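Asker: Kindly produce the complete structure, drawing on both the sequences and the hints.
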Amino acid sequence: MFLLGELAGRIGAEVQGDPGLRIEGLATLGDAGPAQLSFLTNPRYRKAAEASDAGALLVGQGSGLSGRNLLIAAEPYLALAELLELFHPAVTAPPGVSPDARLADDVETGRDIHVGPFAVIGERTKLGDGVIVGAGSVVGRDCELGEKTELKPRAVLYPGTRVGRRCLIHSGVVLGGDGYGFATTKGEHRKVPQVGRVVLEDDVEIGANTTVDRAMLGETRIGRGSKIDNLVMIAHGVRLGPAALLAGQAGIAGSARVGARATLAGQSGVAGHLDLGDDIIVAAKAAVFADLPDGAFVSGIPAMDHRRWKRAQAVTARLPELRKEVRKLRAKLTELEQRLGAED
Amino acid sequence: MFLLGELAGRIGAEVQGDPGLRIEGLATLGDAGPAQLSFLTNPRYRKAAEASDAGALLVGQGSGLSGRNLLIAAEPYLALAELLELFHPAVTAPPGVSPDARLADDVETGRDIHVGPFAVIGERTKLGDGVIVGAGSVVGRDCELGEKTELKPRAVLYPGTRVGRRCLIHSGVVLGGDGYGFATTKGEHRKVPQVGRVVLEDDVEIGANTTVDRAMLGETRIGRGSKIDNLVMIAHGVRLGPAALLAGQAGIAGSARVGARATLAGQSGVAGHLDLGDDIIVAAKAAVFADLPDGAFVSGIPAMDHRRWKRAQAVTARLPELRKEVRKLRAKLTELEQRLGAED
Amino acid sequence: MFLLGELAGRIGAEVQGDPGLRIEGLATLGDAGPAQLSFLTNPRYRKAAEASDAGALLVGQGSGLSGRNLLIAAEPYLALAELLELFHPAVTAPPGVSPDARLADDVETGRDIHVGPFAVIGERTKLGDGVIVGAGSVVGRDCELGEKTELKPRAVLYPGTRVGRRCLIHSGVVLGGDGYGFATTKGEHRKVPQVGRVVLEDDVEIGANTTVDRAMLGETRIGRGSKIDNLVMIAHGVRLGPAALLAGQAGIAGSARVGARATLAGQSGVAGHLDLGDDIIVAAKAAVFADLPDGAFVSGIPAMDHRRWKRAQAVTARLPELRKEVRKLRAKLTELEQRLGAED
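Residue numbers (our numbering), protein chains in the order written: chain A, 1 to 344; chain B, 1 to 344; chain C, 1 to 344.
No wet-lab data here; the hints were simulated from the structure. One or more hints might be untrue.
If several chains are the same, the list does not tell them apart, and a pair holds so long as it fits within one copy or across any two.
[Unchecked claim] Mimicking DSS-like on lysine-lysine, the simulated pairs with C-alpha atoms at most 25 Å apart in a straight line are:
| hint | residue 1 | residue 2 |
| --- | --- | --- |
| 1 | LYS126 | LYS148 |
| 2 | LYS186 | LYS148 |
| 3 | LYS324 | LYS126 |
| 4 | LYS148 | LYS191 |
Bear in mind the structure is a predicted one, so any value in this text is a computation, not a measurement.
Answerer: Structure representation (structure tokens):
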């Protein structure tokens, strides 16, 4: 339990209303009651905010809400992250290696590591201080996991994978699987050995069942602070980030370079061997088939400037009418020509 | 072995031909022989049905097939389900907890549960009567699995996940992974704790390697009787169903609401925070970027009314010709204007 | 260490430059130093090749590079595969069954098999000579794995799955999960039992977290020498290949037939029940909604002939201009008509 005024102090927000209001927890606009704080960080939910029974609302500046207890923050979504941490402190696995885990004799382990039951860790692998390896995870030989990195249950790291510090790898993730490389000769596909590795820099998060393939030679590298959602596919030799955001089911084909702070929305794709600049945005479902300069915002298949795409799509939906108009013009013109005795 | 007439009685169908025909099993049109029953439930396979060596065919009313032994059912695909159950009774794992499974001391278990080897079940989790937890599955603490729910091998449930009765969760499924939420400030992405849960109501099926993320706060909820295919992504805070159908590789972004009996075809997507009505259909590959009323049937990127999309696509394929036509008209018009001495 | 001339002899290539050059390894153009061989197999990297510090370069005929040590091969990508094998001989798991694996009593095993810890193998399953079952994999009852087939850690084979010889199944793959089949009656979806199987012919590779569903009846069959990338979805009853190539996140819906040497690029899809010929190419992101003849090369949603699609897309991006042109023509024509006193 916190008083509203206390919360304001903790997160550097301003109270409008009763700073002595007792807040027992956080809840969604629909679920919150008088002892709970809810939030309005997306204008789409304004009506739901007005109708909410929440005792108080976290909002941004200029929300225009009145007659309510408000916690007004400069960056309300960031403030929400802080409040969630306050009310829901992370529960971490206690240090200890399960007797049901199997570590090779020469695994190097730091202090306070946790290894769950049925985890398997290969030869010469190094686990930094505070590393957590969830139940059933398999970490191949010659891997490195930086301090405080956590593998949730049933992640797989192929041999040689390197993961930085404070990374979070969700269940079902596969890092370091073979890149997709085959030399086709006489209708048969011969495997091209994939002898590179995957490197994740510090503070990377990888969502459930996402796959990142090892490079054929050298590295597939995910830059510092990049956050990747579920079921994303990163092919061999890709270089991404730092601080990239990849939403669910996005994909990047082999050897593409994607710059800093890139955003790939859901189900988007980037073709192989491309160079994409910093701060680019690829809209949901878009497919990038050509290099992009810094700051590009693209949509469509093939991807083009987002505003151009929007205008083009507006016409696309009305193409039958456009064609009808053209046919009408043609008929009128023909009629006119005939009236004038024009030779066609 | 059943006589054709017996089968008709069991499924409420009508025999045309020999009710005394001995049917030893079911097979596809191409594989079936004289002792087997095959089926024609999709008109696309009519020629294959006519050429089939099957002893008898399950068909709908008015199939127009003649000179064959037929089992005529009002709902032939439903009848096929019943016949498959009859000829292939489900083989279920016998009750028992493997000595190689690891259950926390305070797991509450109903009667006749089965837990396979190398499964791990966390503190305070409750398993209803007849629950099956396949080999290598990991069920976190504070989960609940309703009676007769089955986890196939290597499913993962994060802590706090609730699964109803008679659900079927296939291998590689991850329920309750962290939602994808980050507050970006000064070019860095700070994790927004995801402290909600995933709730599956009764009779839900989830296909292999599909992921359903936990809500940031509150629930991600999959309604009763919904059936989800493989490699589908359901983001945090989604509410879906009841009785929704999601085909392979579909995705629903965060906080979207999708109504009852919705159909999302393969590789389709729904953007975040949308409200989609009941009985909607989203065609394969479509991307829904706006709310949809009940009964909408949409296609395209962005999704639009399906018939409009079809007409627009027909023109799209012929756009080069349309442009040529417009250029021709322009040329003629210019010529006409010149002939008439028109000032432009 | 090899001399450049030796390497040429091994792979049937020609040396331009110093055959006595000592090559210690292979590296990418950016990473290679004077003791390393790099390669130029994609013209996109020509400048990087010119700038590379590599001691020698593997190239195709007519590369036009000069003043460098070159290894000139007729099929340079194939030569690269051979060189990678030479410098990086495969490390395979030593024969032996982990005491932490659980095999049913009646599993039939060939010579020199390897089974990792926490693997589970069901009744009556047969493992050919040299089979490798990685840690944590689950192989159901009545499966067959041909000689030298390898399952990487944490693959799952449902009961009855048959895998040919020399197949490579990556981590997280699920073979034989239930096909997605439901008979809908009165708004409820009744499961149609899926009692068929998955068959992989010889020399098939399946990428991480890909799923191949069992047929409702009969087989889902992946033809000999087919290579499938990560996160691909193959639905029930599909027949594919031989020698098909499916890139990441592609999907094939139920009962589709896809011919020999088909290429499905990334994130492409094929609708159910279609017949696609041999040697077809489906471009990235395309969706095939109709049968395709041998040799078709298609793009777009819905997929059409690739060249037609390219021309149509070029116009799509300029649709707003086209519409403006049409409006201008209409205005001019109207003006002309008025000048001529034409009744509209």
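Asker: Taking the hints in turn, state whether each one holds.
Answerer: Hint check:
1. LYS126 x LYS148: within (13 Å within a copy, 31 Å between copies)
2. LYS186 x LYS148: between (50 Å within a copy, 23 Å between copies)
3. LYS324 x LYS126: Close neither inside one copy (69 Å) nor across copies (64 Å); limit 25 Å.
4. LYS148 x LYS191: between (37 Å within a copy, 15 Å between copies)
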